[in-house]
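J.: Listed below, chain by chain, are the residues.
Protein chains: 2
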Amino acid sequence: MALVGFGNVGKAVSRVMLEKRELFQKIGFEPTVVGIFEKKGSWIDEKGLNLPEILSYGESSPSWVEGANAKEWIPDLDCELIVEMTVTNIEDGEPGLTHFREALNSGKDVVTSNKGPLVIAFPELMDLAEKRGRMLLYEATVGGAIPIFYAAREALLVNKVISITGILNGTSNYILTKMTDEGGSFSAALREAQERGYAEADPTYDIEGIDAASKLVILANGILKIKKKLRDVKIEGISKITPEMIDLAMEDGYIVKHIGYVDRNKIEVMPRLIPKSSPLAVGGTLNVISFETDIAKDITFIGRGAGPRETSSAILGDILYINKIRKENM
Amino acid sequence: MALVGFGNVGKAVSRVMLEKRELFQKIGFEPTVVGIFEKKGSWIDEKGLNLPEILSYGESSPSWVEGANAKEWIPDLDCELIVEMTVTNIEDGEPGLTHFREALNSGKDVVTSNKGPLVIAFPELMDLAEKRGRMLLYEATVGGAIPIFYAAREALLVNKVISITGILNGTSNYILTKMTDEGGSFSAALREAQERGYAEADPTYDIEGIDAASKLVILANGILKIKKKLRDVKIEGISKITPEMIDLAMEDGYIVKHIGYVDRNKIEVMPRLIPKSSPLAVGGTLNVISFETDIAKDITFIGRGAGPRETSSAILGDILYINKIRKENM
Chain U
1 MALVGFGNVG
11 KAVSRVMLEK
21 RELFQKIGFE
31 PTVVGIFEKK
41 GSWIDEKGLN
51 LPEILSYGES
61 SPSWVEGANA
71 KEWIPDLDCE
81 LIVEMTVTNI
91 EDGEPGLTHF
101 REALNSGKDV
111 VTSNKGPLVI
121 AFPELMDLAE
131 KRGRMLLYEA
141 TVGGAIPIFY
151 AAREALLVNK
161 VISITGILNG
171 TSNYILTKMT
181 DEGGSFSAAL
191 REAQERGYAE
201 ADPTYDIEGI
211 DAASKLVILA
221 NGILKIKKKL
231 RDVKIEGISK
241 ITPEMIDLAM
251 EDGYIVKHIG
261 YVDRNKIEVM
271 PRLIPKSSPL
281 AVGGTLNVIS
291 FETDIAKDIT
301 FIGRGAGPRE
311 TSSAILGDIL
321 YINKIRKENM
Chain V
1 MALVGFGNVG
11 KAVSRVMLEK
21 RELFQKIGFE
31 PTVVGIFEKK
41 GSWIDEKGLN
51 LPEILSYGES
61 SPSWVEGANA
71 KEWIPDLDCE
81 LIVEMTVTNI
91 EDGEPGLTHF
101 REALNSGKDV
111 VTSNKGPLVI
121 AFPELMDLAE
131 KRGRMLLYEA
141 TVGGAIPIFY
151 AAREALLVNK
161 VISITGILNG
171 TSNYILTKMT
181 DEGGSFSAAL
191 REAQERGYAE
201 ADPTYDIEGI
211 DAASKLVILA
221 NGILKIKKKL
231 RDVKIEGISK
241 ITPEMIDLAM
251 EDGYIVKHIG
261 YVDRNKIEVM
271 PRLIPKSSPL
281 AVGGTLNVIS
291 FETDIAKDIT
301 FIGRGAGPRE
311 TSSAILGDIL
321 YINKIRKENM
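Heads up: the protein sequence lines correspond to chains U and V, in order. Quick note on the working numbering: the first sequence kicks off at 1 and runs consecutively. Quick note on the working numbering: the second sequence kicks off at 1 and runs consecutively.
The shape of chain U in the complex, shown without the other chains (with noise of 0.2 Å):
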């Protein structure tokens, strides 16, 4: 496999490779990475890098390529697998689109924790993989850790998935449960978010519900197989809420969330009233997912929305899959 993109989720996924050895090794997984890809330049070994000395060493170790880049290496290297990690960009997609297609087109499986070339092109991209027997998984694009799409495609496939509402994201989440536990306003709380690195300098995206809008997006092409896009989901933010409609809701037993539906009618991010009792009303910085279905009725998947260390998780559980897939075939 060859991982492109190398901050803290690529990071993550290393280490986490090389404290599951002995897992590995038990079900039969022996993952060679061969090319490392950021933007400066690459660590490149066909015969296989040496992840420790490269998490010790960076671009002093000896495997180090400067200027190489993923566009141009992805297509002749000799892997299965390319592993996007690249930073979410919902303009066009790029650079991630570009090592998708690129990948997919010489005959690699991909697993992806970016968003962006879902957002952007989810269609295309899935006719491509299929037209060129490859996998294209992205577990890792929504909820984080939870494993959501795996449930879906595999352990609920008897049910048919009507709706999907979720808190998907966690900033937003975390601004609310402040404003809601200990008063104050919204932009307190925010100032808070963004002392405790919950939230960016510019947190537009994730207040706004650009994010979770992202999301949405992903899961209506993903699980609903409905051919969304980001200009079709109707969106408002959190900035407008105010104490006041807080504590009005909480008189009558309800909370605010940043709630995100997606059904066969309807897309939308809006702040929404919540029972304090229902599933759906977790706080922190936890996002949560509902699938309304047919035969399990609603089934409710709680965990954390982000964390580099949590999203490897996901991109593992992907790459396992396919790893298991592959192998079953050969």
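Treat the hints loosely; a few may be bogus.
[Stated by the list, open to error] List time: in silico BS3-like cross-link candidates among lysine-lysine, alpha-carbon distance up to 25 Å:
(1) U/Lys26 / V/Lys297
(2) V/Lys131 / V/Lys229
(3) U/Lys26 / V/Lys40
Since the hints were derived computationally from the structure, they do not count as laboratory data. On a predicted model such as this, the values are computed, not experimentally measured, just so you know.
Go by the hints and put chain V onto chain U.
T.: Relative to the frame of chain U, chain V by itself:
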């Protein structure tokens, strides 16, 4: 396949198989039911039973064989899968235990909703299945429709599950939710649960934690891989909970829940105080199961813990999984 047990769950599985014919065709699953066994007799046709006819006409259906019983028929039946749905018996696991053994010994996979044989003989049965190269899956035994065993076995495979915490019995959760939301005594809440059909005439099994403890034993063996038995579980029921205890807890932001917990040192079911904002604080008859893991951290699953259709979702999830594995290895 053959269905053993044709009560509410067996009938729901049959109905859902009929409803989902189109989906099954699409994924290449062509179920042929050659036998359906109940106490007084069985429907048998090695060319495939007519399910709609049996669901409509019962024992008047021409395939009915009075007195034919599962125990004698299972070994020689020409099928590859036994779906065991007889009633749970935690005293000696019968008749399920014999059905499991006969099925595995004659080279058939087993899918079940029956906790009894697993509570009595989990390690023995798993060893037998392994020795015979057969699968024994039991998603429906814990948490109804919630795909927890699937998640642990597949999607979260890279994780070590450190502990499992949950509300594993819908009846006792209904009673405690009622007492919390509306006040009133335990006995009043129990009476209402009985009137609504959520509790049996003899509610001991549910309210004294025996059902939850049985499920904990299956979670301990199946997910944590530790050989715990029912007698190892420290059990305390909910019948001594008073409205005063609940009020006192609520004043401090807690609610009283009947919680099952298992890790490598401890296995217990007892009333515990849970913070109101915890993912475990779900109401009504819902079940919740939370895995503490090393990489993904806490992952929580919420859903309906009972109901024939909900249970059939879990059973069919297991059946489709076996179908996939067997097809891939043909």
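J.: Now, for every hint given, state plainly whether the structure supports it.
T.: Hints and how they fare:
1. U/Lys26 / V/Lys297: 22 Å, holds
2. V/Lys131 / V/Lys229: 22 Å, holds
3. U/Lys26 / V/Lys40: Violated, because 46 Å separates the two Cα atoms, which is more than 25 Å.
Checked against the numbered hints above, the structure violates only hint 3.
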